[in-house]
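Since the structure of chain X is provided, determine the placement of chain S on it from the hints.
Taken in order, these protein sequences are the chains called X and S.
Per this note's numbering, the very first residue in the first sequence carries number 3; after that it's consecutive.
Per this note's numbering, the very first residue in the second sequence carries number 74; after that it's consecutive.
No lab work stands behind these hints, which were simulated from the structure alone.
Where is the CB? At the ideal position from N, CA and C, for every residue including glycine.
One or more of the hints may lead you astray.
Stated by the list, open to error - Here are the simulated lysine-lysine pairs, DSS-like style, with alpha carbons at most 25 Å apart:
1) K134/S x K40/X
2) K40/X x K138/S
3) K138/S x K217/S
Claimed, not checked - Away from chain S, derived, C-beta distances all over 10 Å, residues of chain X:
4) I49
5) Y113
6) K117
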Amino acid sequence: MLAEYLPLAVLAAIAVAFVGLSLAVSSRLGPSRPNPAKRAAYESGIIPDPATDVRGSRFPVKFYIVAMLFIIFDVEAVFLYPWAVTLRDLGWYGFGVMAVFIILLLESYYYVLRKGGLEWD
Amino acid sequence: MDLVDVAITFAVALGAFALWLVGTALLIWGERRVIALMQTRVGPNRLGPFGLLQTVADGAKLFFKEDIAPRNIDRFVYLGAPFVSATVALVTFAVIPYGGTFQVSGREVTLQVWDPNIGMLWILAMSSLGVYGIFLAGWSSGSKYPLLGGVRSSAQLISYELAMGLSLAAVFIYAGTLQASQIVANQQIPLFELGPIAVPAWHVVPMLPAFVIFFLTSVAETQRPPFDLPEAEGELVAGFHTEYSGAKFAMFFLAEFMNVITFSAVMVTLFFGGPSGPLFGPGWLQALLPTVYFIAKVGIFLFVFIWLRGTLPRMRYDRLMDLGWKVLLPLGLFWVLATGFAVVLRTSTDQGTVLRIAGVGAGVALLLYLAAPLLARRPRRDTQPEPEPEPKFPTPSR
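One chain only, chain X, in its complex shape:
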């Protein structure tokens, strides 16, 4: 059972070893002569204000809407895959059920579209 995953484990081990070695070796090979200017965040020459932490700053709300809509449709896609593989056995019933599901989602998609939820000013 687990032997099925051996090829993947081998490839993953090669990948991890390659990336890990590259990062580790290069951190030894390169010189290290830091100075304050080098260690400052790059802002096209403007000296960054040390008081502001970028990570707490605000985002346009559009990105949150995109993320939420993504989850809705991605869950739909997840439902689609098992259905896609077994559709030949499910026949018309399976097709009908999924058609209703997709059309319901399309309807809410249309609502979001008309509400302007997908406009990117």
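Chain S alone, transformed into the frame defined by chain X:
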């Protein structure tokens, strides 16, 4: 499972790894050469024949560079992001068959690292994980450009992932399986015979809309021009990897170009028959030819990726989101439904019913066509073109 099997597994995995790594190095060189030719320049031609070793030299140089990181990074995540990006890119191609099956000392060897029954789902899963590398890199750098670039890239990637998933779902319905080897085998059945040449039933013919969607989304997912918004250097310097240098930057670069190869390979596997092709000649040639076909097919797509970069200007961000959400997503959903309908119609309905359904459909379509003029809204007669408003500021007289 004995030692020989394990050795074969190692060899096949190492073979795929080497193929993809060498391919990436060649792609970076090839891109610079082809772009240069398109812009009537020469491109890198100094190191090795035709400058082939340029990528090796650049990679080696990056390893000896000073590793500069800003003061206020989140150290653990900052180190983890390139690691995640590169590792994910290096395991994505595990399910892609890159050659044929042949005998080595009485054992069957298939040039495919891993062939699980969830097959192509692995590609989708890994390409979703790739978003983490980008977003974490942007977030952990503690700098404005990477943060904006990271958020922007993640929004782009997840938007196009939807359409990509839907286009793949249509292919899965048509093929009836997720397993890569099965999908390739399905496409080897001749569609029709043209004299001595059998035209293979490649999925690109019946699944053309799915292929178009998948191609566009894979350009967006790999962040290649014209969808390379994450690296809009005029606005974001270098996007999410602005604060990375040395080998860490090299890892992002490697991941990006390796993903281009992987997505080209996925297109070849799903739509263009994978490593299949006419086999002839002695045994060793028959074992080698599928890999040659695979590399040739992938090479064509790689050239198209470079061609796009040489030809098209970068898209505006709102246009990009519009294309993903308003065109590709509904088109993908529609195509999934249409494919499902066609497949069920073919498998669980007899000929007579198909004809009756087709007849009823044609009748309804004809009726609608005839009734359409009656249903159409009459244009209002009282509308007149609005007069141009008098300008409120002085204008030069003509």
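Hint check results:
1. K134/S x K40/X: 19 Å, holds
2. K40/X x K138/S: Given that 25 Å is the threshold and the Cα spacing comes to 13 Å, the pair holds.
3. K138/S x K217/S: Distance of about 24 Å is within 25 Å: holds.
4. I49: For I49/X, whose nearest Cβ neighbour in chain S is about 12 Å away, the distance exceeds 10 Å, so it holds.
5. Y113: 13 Å, holds
6. K117: 13 Å, holds
Comparing the model with each numbered hint stated earlier shows that all of them hold.
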